[in-house]
Every structure is written in structure tokens, then in C-alpha cells.
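S.K.: Put chain B on the given structure of chain A with help from the hints.
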Amino acid sequence: MKTRGFIGVLMGASILSLTPLWAQGLEKIVDGAKKEGKIKVGLTVRWEEAGKPGAKKFVEVFQTRYPFLKVEYERVGGSRERERVLSELAAGKVSYDVTVLSETQVATALRANVVEKVDWKSLGVTPAHVHPDGFGVNYRSQLYGIAYNRKLVPDDVGRKLTWEDCAAPKWKKKVAMDTRPRHLEIFWQPNVWGREKTLAHARQLAANETIFERDRTGAMTKLALGEYAIDCGSFYSTYYEQTRSGKGEHIGFTLAEPIPVNLGDVVFIPRGAAHLNSAKLWIVWSLSEEGQRLLDEVEGNGSPLIPGTQSAKLIKGKKAAWYEPQYRAKAEEILKEILEAVGLPIVR
Amino acid sequence: MKERLPSGSIYFFIFVVGILLWLTLIPLGQMVISSFRSGHPAAPGPFTFNNYLVAYTNPLTYRMIFNTLVFAGGGTAITVFIAVLFTWLLERTDMPLRNLCWTLLLIPLAMPGLLFSMSYVLLFMPQSGIINVFIRDLVSSFGVELSEGPINIYSLGGMIFLDGMRGVTTVFLLITGAFRMMDPGLEEASFAAGAKNWTTVRRVTLPVLRPALLAAVLYEFTSSMESFEAPLVVGLPGRVFVYSTMIYTSTRDAIPNYGLGAAFAGSYFLMALVLVYFYQRATLRQAERFTTVTGKGFRPHTLALGCWRYPALGLFVLYFILAVALPLGVLIWTSLLPVYQPPSMKVLSELSWAHYHGILTGSGVLHAMWNTVIITLFAATATVLLAFAVSWLVVRTKVKGRYALDSLLFASHAVPGIVVALSFIFLYLEPPFRSLGLYGTVWIVSLALIAQYIAFATRTTNAAITQIHKELEEAGEVSGASQLRVAWQITFPLIRPAFIAAWLWVAAHAVRAFSVPLMLASRDSWPVSVMLWHLWDEEQNLPAAAALGVVLILVLTVLTLLARVVVAKGFKQT
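Residue numbers (my numbering), protein chains in the order written: chain A, 1 to 348; chain B, 1 to 574.
These are calculated hints, taken from the structure and not from any lab test.
Mixed in with the good hints there might be a few duds.
As the list claims (entries may be wrong) - Each computed DSBU-like pair below joins lysine-lysine, with the alpha-carbon atoms no more than 35 angstroms apart:
(1) A:Lys336 with A:Lys197
(2) B:Lys470 with B:Lys400
(3) A:Lys318 with A:Lys174
(4) A:Lys34 with A:Lys56
(5) A:Lys318 with A:Lys151
(6) B:Lys346 with A:Lys173
(7) A:Lys57 with A:Lys151
(8) A:Lys172 with A:Lys336
(9) B:Lys346 with A:Lys172
(10) A:Lys160 with A:Lys174
(11) A:Lys151 with A:Lys316
(12) B:Lys470 with A:Lys247
(13) A:Lys151 with B:Lys470
(14) A:Lys121 with A:Lys316
(15) A:Lys313 with A:Lys160
(16) A:Lys52 with A:Lys93
(17) A:Lys70 with A:Lys35
(18) B:Lys346 with A:Lys56
(19) A:Lys57 with B:Lys346
(20) B:Lys346 with A:Lys174
(21) B:Lys346 with A:Lys160
(22) A:Lys40 with A:Lys28
(23) A:Lys172 with A:Lys197
(24) A:Lys40 with A:Lys247
(25) B:Lys346 with A:Lys52
(26) A:Lys313 with A:Lys52
(27) A:Lys52 with A:Lys247
(28) A:Lys56 with A:Lys121
(29) A:Lys170 with B:Lys470
As the list claims (entries may be wrong) - Have a look at the derived ranges for each label pair, beta carbon to beta carbon:
(30) B:Arg98 with A:Lys172: 50 to 58 angstroms
(31) B:Trp353 with A:Lys172: 37 to 45 angstroms
(32) B:Val373 with A:Lys117: 39 to 47 angstroms
(33) B:Val347 with A:Gly32: 21 to 29 angstroms
(34) A:Gly92 with B:Leu561: 40 to 48 angstroms
Model, not experiment: these values are computed from the prediction.
Heads up, the beta-carbon is just placed ideally off N, CA and C, and yes, glycines get one too.
Next comes chain A alone, as it looks inside the complex (with noise of 0.2 angstroms):
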């Protein structure tokens, strides 16, 4: 019920705030960016994919929009990459007019004084996408599902797998997972699954000999290579990436329900940057439907509070557990008790 009502909210919210985005203040800010003329944008989105255009298209199609800014992209990728921008930030050296930080880190970055605080709801941006401290966005949403090797999985097991099947003896020494992993953060819940049960399934994957890996995408080529038969917690993004590229052939996903569903990263401007304007209006067309639906054809993982995005078809009808911000917000803490339930060595 509680859940259900989150959801409500969210779509309440997201309804009421899309029709006023692009009616106020915009003309201020784009007024700014024109004076700019440039923006550097540090976000995970790949530039390209085996030859498909990722963000290389999401820069098009903005610079369409705003002809007058000039774009220039690099990747940040995951934890480490954040971890070195975060740490340049700290430096005094402000590379990116606009990039990205995880959930965990997000402390970090407030005490360190590095981050650019903008009124995001006053400039319309979905209050649900707004961090719940306030200074960034959650965009580049995700559902977390299992993916298999067809190979080694037949398709009528692998449709069929369940979260609880991550951990059974089965699939021992067989199954991956990610090194963060935020799916058990969102079971971790009250409303989910609850701390016990999920602390006790991550000592069981830690008896059942996990595989971790630190990247989602290698740890799909290798799943694709038959390293491993399974991979718990893996992104639907990814999955997409990987069939919309043709190398998916061996890969199965499937969305075992309560399918765990996550806004995404933290996008901010940090401070110091240079192009400020154009930074903010980089951020609210990214959160604008336009922007959601290219994320959903070039990554799979537009905003599901968005009618027609792959995710919100994906979780229409099914039990769906959304990442709270009150547990988002303490991401950290839940991160690390389930770290050292499984034994991985960053314990506190």
C-alpha cells in the first residue's frame, strides 16, 4: 500500500510539473547559456555502442534545440571515475560543467563544499528526480533484473528465475554480481524485503561464492563469454545496450519481481563551473520528456514516471520496489552493512 501510494505521488508530481518546466524561468537561463556558448558535460551515458550512437545522439538532438551552445562530452564512468572527479572537485579542478556522483558519495561532496546548490523544482524539473538534499537530479533511471547465459541457462529456467535464486546452492560459484549492489539496497527497505532478510540472503551469496564484479558492462561480456550463468542484480540498460549493439545473442534477462527500480545517479553542477547557465539547461532538458524518451531509445533507461518509456512498460502491472529518498538518502549506511554481510573487504 505504502508503495503504491509512493508511486501515486510520483506520478501526481510528475504530471503537474512537466506543463511548467519549459513556461518559467527558461528564457532566463537560456538567455545565460547564449552569452556561454559552451558547456562540458561529464556524464556515464557511452558517446557510442559498438556503432550506435549513445550520448553522442542525446548531444545532437540538445545542440538542435539550442544551436547556440557548444557541447563537449566526455564519459564518467563508475565508482573510481566518480571517486576522481569527486577528488579533482576537492583539488579546485572543476573539469565538467555538468557531471555525476553516486548516491554514496553524495555526503562527501556536500561537506567538501563542491557542489553548486540551483533550486531544481523552482525551475520545474519533476520534484520525484530532485535529490532529496537538494542540489542535483536522479536521472538515467534503472531496473535491476537477472540476466543469463543462454547457453548454460535454458530460456524456460531463466524466464523463471527468482531473486531468492541468486543465492541457492544450485547456482553455486555460478552466479555474478555487481560490487555495489544497489538492488539488495532497495530490498534492504522495510517495505521490500527488510533488513534481516536481506542481510541473510547476502551472507548466502557470500557462502555461495559470489562472483563480484566492479562493471556492469564487463561483467555482461563475460556473462556473454560463459564466465558466468548468471547475473543478479544486473541493469536493464545494460541488457539493452548489449542487444541494441548484437551482442545480446547469448544473453537472457528477466525482471523477477519485486522488480527493484532506482532514478538513477546523481547529476549536479559542481561549483566553480564555468558555464552555469548552460549547465542548468543541460540538466532540465535532460529531465524534460524529450530528454527521457531519447535516454530510452539510445540507453533503455528513460524516467518510468514517463508514459511509453521501456521502463515504465516494463513495471506496468508488476510489483515494482522503488528506492525510497528517505533510504536513498542513506544510501551509504545500508551499502555498508550489506558489504559486510557478504564479506567483501570494505567493512567498517
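M.R.: Structure of chain B alone, referenced to chain A:
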């Protein structure tokens, strides 16, 4: 002539000490302080003992220390065994093609450890590694069906093998001089007493060479303790942690904890310090107590291998295949594919030069190469100039505190690269040094490399200056030249060969350096080694990483062979 210290030299001494403190003690001191703090270096939290409590009450830590010792011990045993065998075969026997083999043995130096480890992952991934697939196909034709393996490179055994194979050339170069220069009279006496070849090797040759071998063992053990590439590439996926990867993951994984990394670094540094102390003692003992070069007959006896000549050559060929041909072959194969796949007839139609074209026309690679050149030239030149200044102060002046300076550098030899990098992070992310804006630039990478290599360079320049008689400098001073002018115009030209050798040693290490730039460089300043890792790890673009690796190996092979010619010529002219 009584030594004196003109006022200019005092200022020079203070200047040099200041630089060395800035490069070594201050970062380490900052790291020790930070090990007692919580939070990120960018936003340090309150003081706490928690990092040490967590680090040293966790059973995983002792498992990690055990892994480190087994890894270093196993790797050293393999390296030293192979190196001693080949040194003996190439220097003291009549094995065929010895000159060619001598040159070929230098080529592994051109293959960075990172690429070597990556190539073995492609060969021995449990499911899809080329050789594992081949073995499974082979045994299945005999009715034996294996679901994976049979070899798992993601293991402690895999790490030991990679480390063991990697160090052979370095140890060979360390001990080949001792083999070549030893007094042949001892072996001849053994033969005269009726001993056979093997008995002479076992009871005369090896015991005589014991100090040189001990020094090589300790050097290799220290290097293996510091090793980062194999533990990172094959250890982490197999969850086999050693010190270097534990520190790395503490600061770079899902929840970074720099204080915890610093707490690990403390015991890591102490262990390395003990090893460096024993290494130093072993090398001194070798120099002072075991005189094997005398004024008597100098040409060592060459042992006839008889029917073992070609099997010995076969052993060398096997090593060359494992150390060079096989890894290079799999990198070339992977670099020609759109997506990595084991070899098959079906895949042949997909081969192309696309990744080479992308690498050689992309601005990113050219920029990374330019960064590599800047870092290498600056680090090598600044290191040897600083080393010369330090050695001149220590050996040629009587300034108070010169031995303390030498001891400081001796201790800095024990700081592993990853610890140097971590200490620089603490120093340059926190005030007041943060305001210098060095973090993430090629200059911080270069400074950290200078801090890492200065100890080795000063050992070389100390020895070179000691060998030059003071008469030459005294003549200059009698003629009215200042001490600094004498150092620059007389001493420096005389030690040029040692200077060149030290420069080449630092340059060869800086060009392949990985752990320091991985921790300190930003996207704008990363060298080729970090870009290679980025393609492999972050982008998961194995073919592009392989193509860049092949280009890098070709360039480094040419440079290695050129360096050999330069060194040989430089020493001949002197």
C-alpha cells in the same frame, strides 16, 4: 686538503633537504595523521582510532597479509629459479644461440606488467580463455567433459605465476655480472679434484654467488610485495587481496575509506622497510666481503652441456613462448576482432585493423602518449639531477646531517608506489598544499615518481662519486673554482655513464608506471598505462585495449634495444 663548506653550499644543502622533505617525509607524515581521521581527504572528519581497529581486528587483513607473503614468496622463487638457470646457461655454458637469447631475454622488459596480466586473462579465463577452451575441446575428444577451466587464472596461483614470469629479466640483469666476473680458479679447482659439472655448480658456483643471489632474492621479494598489476587484473576478480589491492580498493571502490587505506599502508611500509634494510645489508656484504674479481685469470670456464645443449635451448624457447610470444599473440588476435572471442574459422572473416586505426587517429591516445613523454622526461631528469646533488652533499662535503639525509633516502626506498600515491593524495587534497592546484596534473604524477625512484638513483650516484678520486676536484678548487662549480664542471662529467644508467633506469620505470598515475592522474593527465587500464576495465573494450597494448609493446621494444646500445656505447667511450 681539509673539507670545508662554503656558505653557498649550506644554502644548497638546505634547498636539497627542503625538496626531499617535501617529496618524502611530509606526504608520509600527512598520511600518518590522516590514518587517524575519518572521512574523505576532501572533507576530513574527526580524529579516531577506528581505522586501525577496523584494519587490524578484521580476519580478512591477516588473510591479506598471508596472501601477500605467499604471493611475493612464490613469485620470487619462480623468478629467481628461472633467472639463475638462464644466467648460468647463457654465461657459463655452451648452449647454442646464446647471443640471440641474451637479446631476446631483454624483450619482456618491453611488456608492461599490466599487459602481461591482461593477456593471460584472455588465455586462461575459466570459461572462455583460449587455452582453456582448447584443453576442454582436446580432453572431450577422449570422453572427458569439463564444464570450466581446467586452469583458473583468477587465483593466488595465477598471480604467483604472472609475477614469477615478469621479474626474470630484471633478476637476470642483476646477477649476470656476478656470474660473468667470478673467479674461474674456484671452479677449475673443483674440476681438478674430480667433481662433475652439476657438483661444481651446486657446491662451488652457487655458494660463491650466494651474496649476489641473496641480494637478487631480496630485491625481487620487495618488488613482488609492491606488485600491483597482477593482483589488480587477476587477484580482484578472484577475491584474492594483497596489500596493494587492499589499499587501492579501500580508496576507490563503492565506499572509499582513505583512512583505512592509510592504516593498511603503515604496516605495509614497515614490512617493506625491513626487506629494504636486509637488501641493503646483502648488497654491502656482496661489495665488501666476497671479492671474486682478482688480478688473476679472469675468463670464466665454459661448461660443455653435451647432449643437453638443445634441450637447454628448448627450455629457453619455452620460456620465451610463455613470457612473450603467447601473450603478444593473444593481444594481436584480440586487437583484430570487433569483440573478443576465442579463435575459430568462423571468426576469421571478422578480423580487421579498425581498432589500430581508431587508436592511431584518436586524439585521446596521442594526448596520453604526450603525457607519458612529459612524465618520463621530467621524472627521469629531475630524479637523477636531485640524486647527483644529494650524493655530492653526502659523499663530498662534511655538512652536518648528511648521513641523516642519506638514511632518509634509504628509508624512502621502502615506500611502495601505491603508498607514495596515497600519501600524495592526502597532501594535495588537504590544505595548505591543496591550493597549489597540483592534484590531477602530470606534475603531481612526476613528483610522486621522483619520490619513488630517488632512493635507487642516489645509490647509483653515491657509488659513482665514491669511485672518483678527490684529487681531480681538489685541483679545480686550488685553481679557484667554487665547490659548486667543481661539482658541476668536474665531478658531474666524470660520473656521466652512471648518470645515464640511472636516467635510463628511472625512464624505463616511469614510462611503464601504473599504480602512481592510476591514483593521481586525471583524464587530462593520464599516461598510456592508465588509458590502457581505462579501456580494459572501465570501457570493457578489450580489442581496443589490446590494440593499444600491441602498439605500446612495439614502441617499448625498440626503446629497450636502443637503450641497450646507448648504454653499451656510453660505457665504452668512458
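S.K.: Does each hint hold? Answer for all of them.
M.R.: Structure-based check of each hint:
1. A:Lys336 with A:Lys197: Measuring from Cα to Cα gives roughly 16 angstroms; hence the hint holds.
2. B:Lys470 with B:Lys400: Holds, at roughly 20 angstroms.
3. A:Lys318 with A:Lys174: 28 angstroms, holds
4. A:Lys34 with A:Lys56: Holds - the C-alpha atoms of Lys56 of chain A and Lys34 of chain A are around 21 angstroms apart, at most 35 angstroms.
5. A:Lys318 with A:Lys151: 28 angstroms, holds
6. B:Lys346 with A:Lys173: Holds - the C-alpha atoms of Lys173 of chain A and Lys346 of chain B are around 31 angstroms apart, at most 35 angstroms.
7. A:Lys57 with A:Lys151: Measuring from Cα to Cα gives roughly 34 angstroms; hence the hint holds.
8. A:Lys172 with A:Lys336: 24 angstroms, holds
9. B:Lys346 with A:Lys172: 33 angstroms, holds
10. A:Lys160 with A:Lys174: 17 angstroms, holds
11. A:Lys151 with A:Lys316: It holds: about 29 angstroms lies between the C-alpha atoms, which stays within 35 angstroms.
12. B:Lys470 with A:Lys247: Status violated; Cα separation ~71 angstroms.
13. A:Lys151 with B:Lys470: Answer violated: Lys151 of chain A to Lys470 of chain B is near 77 angstroms, above 35 angstroms.
14. A:Lys121 with A:Lys316: 27 angstroms, holds
15. A:Lys313 with A:Lys160: 19 angstroms, holds
16. A:Lys52 with A:Lys93: 32 angstroms, holds
17. A:Lys70 with A:Lys35: Measuring from Cα to Cα gives roughly 12 angstroms; hence the hint holds.
18. B:Lys346 with A:Lys56: 32 angstroms, holds
19. A:Lys57 with B:Lys346: 33 angstroms, holds
20. B:Lys346 with A:Lys174: Answer holds: Lys346 of chain B to Lys174 of chain A is near 28 angstroms, not above 35 angstroms.
21. B:Lys346 with A:Lys160: Holds, at roughly 33 angstroms.
22. A:Lys40 with A:Lys28: With a Cα-Cα distance of about 20 angstroms, the restraint between Lys40 of chain A and Lys28 of chain A holds, given a limit of 35 angstroms.
23. A:Lys172 with A:Lys197: Judged against 35 angstroms, a Cα distance of about 19 angstroms means the pair holds.
24. A:Lys40 with A:Lys247: Holds, at about 31 angstroms.
25. B:Lys346 with A:Lys52: Satisfied, since the Cα-Cα distance of roughly 24 angstroms is no more than 35 angstroms.
26. A:Lys313 with A:Lys52: 23 angstroms, holds
27. A:Lys52 with A:Lys247: 12 angstroms, holds
28. A:Lys56 with A:Lys121: Holds. Lys56 of chain A to Lys121 of chain A sits at ~28 angstroms (cutoff 35 angstroms).
29. A:Lys170 with B:Lys470: 77 angstroms, violated
30. B:Arg98 with A:Lys172: 50 to 58 angstroms: Because 52 angstroms falls inside the window, the suggested range holds.
31. B:Trp353 with A:Lys172: 37 to 45 angstroms: Roughly 43 angstroms apart at Cβ, these two residues keep to the hinted range, so it holds.
32. B:Val373 with A:Lys117: 39 to 47 angstroms: 42 angstroms, holds
33. B:Val347 with A:Gly32: 21 to 29 angstroms: 53 angstroms, violated
34. A:Gly92 with B:Leu561: 40 to 48 angstroms: 44 angstroms, holds
In summary, the numbered hints that this structure violates are 12, 13, 29, 33.
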